[in-house]
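Novice: So the chains spell out like this:
There are 2 protein chains.
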Amino acid sequence: MALIVQKFGGTSVGSPEKICLIADRISKSYYDHNQMVVVVSAMGDTTDELIQLAQRVSVCPPHREMDMLLTAGERISMSLLSMALADRKVLAISLTGSQSGIITDQSHRRARILKILGDRVRAGLSNNKVVIVAGFQGVSESREVTTLGRGGSDTSAVALAAILRADRCEIYTDVDGVFSADPRRVPQAKLWKRVSHDVMVELATRGAGVLHPRSVELAKQYQVPLRVKNSLNDHEGTMIGPRKSTQKADGESDMEEFGVTGTTFDSNKFLVRVKLSRSTVLNSLWDLASHLHLSVVAPVFSEGEVWFFSDREAEGEWRRSLEELVRDGFIQSYRLCMETVPLSVVGDRFSQDGKALYEVISVLEKENIQVTLGSASALAITVGVSQNRAEDGVKALHKEFLEDRV
Amino acid sequence: MALIVQKFGGTSVGSPEKICLIADRISKSYYDHNQMVVVVSAMGDTTDELIQLAQRVSVCPPHREMDMLLTAGERISMSLLSMALADRKVLAISLTGSQSGIITDQSHRRARILKILGDRVRAGLSNNKVVIVAGFQGVSESREVTTLGRGGSDTSAVALAAILRADRCEIYTDVDGVFSADPRRVPQAKLWKRVSHDVMVELATRGAGVLHPRSVELAKQYQVPLRVKNSLNDHEGTMIGPRKSTQKADGESDMEEFGVTGTTFDSNKFLVRVKLSRSTVLNSLWDLASHLHLSVVAPVFSEGEVWFFSDREAEGEWRRSLEELVRDGFIQSYRLCMETVPLSVVGDRFSQDGKALYEVISVLEKENIQVTLGSASALAITVGVSQNRAEDGVKALHKEFLEDRV
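One line per chain: the protein sequences are A and B, in this order. Going by our numbering, the first sequence opens with residue 1, and the numbers climb by one from there. Going by our numbering, the second sequence opens with residue 1, and the numbers climb by one from there.
Read the hints as simulated data drawn from the structure, not as lab findings. Because the structure is a prediction, the values reported are computed rather than measured. There may be inaccurate statements among the hints.
Unchecked claim - These stretches of chain B come out as covered by chain A in the derived footprint (C-beta under 8 Å, 3 or more residues):
#	region
1	47–61
2	74–85
To be verified - Simulated restraints on C-beta separations:
#	chain 1	residue 1	chain 2	residue 2	range
3	A	D287	B	L114	48 to 56 Å
4	A	D234	B	G329	47 to 55 Å
5	A	Q106	B	L282	57 to 65 Å
6	A	A2	B	Q387	28 to 36 Å
7	B	L3	A	N268	41 to 49 Å
8	A	I51	B	N268	43 to 51 Å
9	B	S284	A	A123	30 to 38 Å
10	B	V281	A	D45	50 to 58 Å
11	A	C60	B	K28	43 to 51 Å
12	A	Q106	B	L3	23 to 31 Å
13	A	E17	B	R312	47 to 55 Å
14	A	I51	B	G329	54 to 62 Å
All residues carry an ideal CB built from backbone N, CA and C; glycine is no exception.
Working from the sequences, and respecting the hints, build out all of it.
Specialist: As structure tokens, this is what we get:
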């Protein structure tokens, strides 16, 4: 008997009919004598609809109330799934983040999990129940309802799997696993059987929507066997695991045989440019980002100027904070380039290949795609391009690195 | 400085625009230096929409999960209202039933309040905040989320007012107060300045939707000054208070000058007829209803047969329970007359007027409305009529007792 944590995202629970399909899948696993914890997101566009409602009553909704509002979303999907299971004679119980004992810090809308008590989850399992847990949500030590931010349900699932010492954690989505590019945009994209934690974090940080980077980092830290699967078929999906120390010859779909795992862009991010008054202020800039839980991707420092990508939804916070730093004389000026998004090639061998950044830029220039800035790290090359050319860029890079060179 | 509990129903919070109107009203009271607790229902048709979602995933949804689902409704309205207040620079905090310490028994979907801890409500008030509480919901001692059943938000509001020793409890609705008939159906209906607790319970039990009978009983028991008001204007509404011992001459809109306070029907109820095997079984029938929290209105016992009205939504439960009593030989047969609804005349003087039942029946017969059964108590005459003639019946009775006789 295995203990399995399964996570179903918003698309997978997008309608009553889809919830019934998932209930079929879960009851099959359950009748195969597995212990099951199921983490769900809110149905389809529920979260966006709730945000729109908030915007119709308030110019600047308090984060505490925003969390109270948004957590209604998983409450609906989890109770519906539990009902659908009851209809299939599967004992099930739904638990909110708070009831599951998912304790977070106090940062509303972007809370971090501090610990998971999980008493009621364990009690449900020992009563032979499928335990359905609301993803994305938790409760602070002062008993306030919090949410984990974008991709939070993945993090909930992996954290639960870690604390329960689950045999595996399965993240269900609407594609067959991790591809070398978004298969809805690039039909030639390859499906990988296996991707290392480190490469997956880079891919996810740079826009591969299939998994949230925090969940991958957690899976690495707690050695949770993690798999990305399609909720609509029985394809085995992609295993996310440790980096292999030796090469293994198990066919061309094993990503470790190639230098490049994927090409991706992230239209939820934008470029921030800051002219510093003195370079020592750089640390306070990173402290600020860390304090506000804002992401900083692919930072470049050059001649008193720093460039990086951050979350589009944090535009207001960046603007306020940078305005203050200008006023206090710490920085000379800043620019938020809302139209510039990060476009990346992620892989495992860039550290050994100094030419990669140059190659990326020349492929894009051949397509008349202008590159604003570029940087290379061990596992990724990231350049800034105009949002409306990003998809063309991904296609060109995928063709160069993943089709023509194989 | 007064402590006021206000309750806004589903229509009053039916859209972001209406929520903003309510926020204006609340902030006005708040800036008049009042302490405010605001109880809200789910927005408009949210509860019905959630029930429909449940029916699309499950034939017979478990009540525990139904409560989990439905409580998403108030979560949405309360956090939106709190945001709208924040926009008006009014400090506010929304609390779920559980966070407010509204402790109930374990009867999912029809729970009764056992006690209210209210620590976080008091803390919010002493921090000068408007405290917004989710109506309709509570938590059992085993930490399961429960709901109070139809009209539960009224009960939440009055119970909170009782426990907080509020100076007054205001129930906001979409009409100006308590009328002698539903003003949307009977344009001649009179608005009362004052109605006694006892008469209000009878009116509410028999279909006057303006207040839930349990809330009125609670208000009587704990001496909570209760007022029904219109959320869209500043009309003073109707005061629900103790019966006056002496006549008071404050104009013709004081209900105590008349015998009849109102005429009403209840299309949410239906007629149950049970043929008993022996009359001692009657007690077990009432025990059953009380155990299942099913309402029994205007029961009549005659020649080994009992007739009464109960909630339409409890049809399945009555059918199952009565089927079992037939099988065990306690009752001979039963009939659920889904098309027969209770039509009532409620007032204060029927005990002194034996002719009232006869008069009611003759008024209806003159209109060719067939009366299935009828009974009279001290405060109300109730007859059973066909659902599609009930509105005609209310109009005829209102004309006879409240227009022609004044």
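Novice: Does each hint hold? Answer for all of them.
Specialist: Against the structure, the hints:
1. 47–61: holds (count 9)
2. 74–85: holds (count 9)
3. A/D287 to B/L114: 48 to 56 Å: About 49 Å separates the Cβ atoms of A/D287 and B/L114, which means 48 to 56 Å holds.
4. A/D234 to B/G329: 47 to 55 Å: holds (54 Å)
5. A/Q106 to B/L282: 57 to 65 Å: Holds, at about 58 Å.
6. A/A2 to B/Q387: 28 to 36 Å: violated (56 Å)
7. B/L3 to A/N268: 41 to 49 Å: The hinted range 41 to 49 Å holds for B/L3 and A/N268, with Cβ atoms some 46 Å apart.
8. A/I51 to B/N268: 43 to 51 Å: Violated, at about 35 Å.
9. B/S284 to A/A123: 30 to 38 Å: holds (36 Å)
10. B/V281 to A/D45: 50 to 58 Å: Distance hint for B/V281, A/D45 holds at roughly 54 Å.
11. A/C60 to B/K28: 43 to 51 Å: violated (22 Å)
12. A/Q106 to B/L3: 23 to 31 Å: holds (29 Å)
13. A/E17 to B/R312: 47 to 55 Å: Because 28 Å falls outside the window, the suggested range is violated.
14. A/I51 to B/G329: 54 to 62 Å: holds (60 Å)
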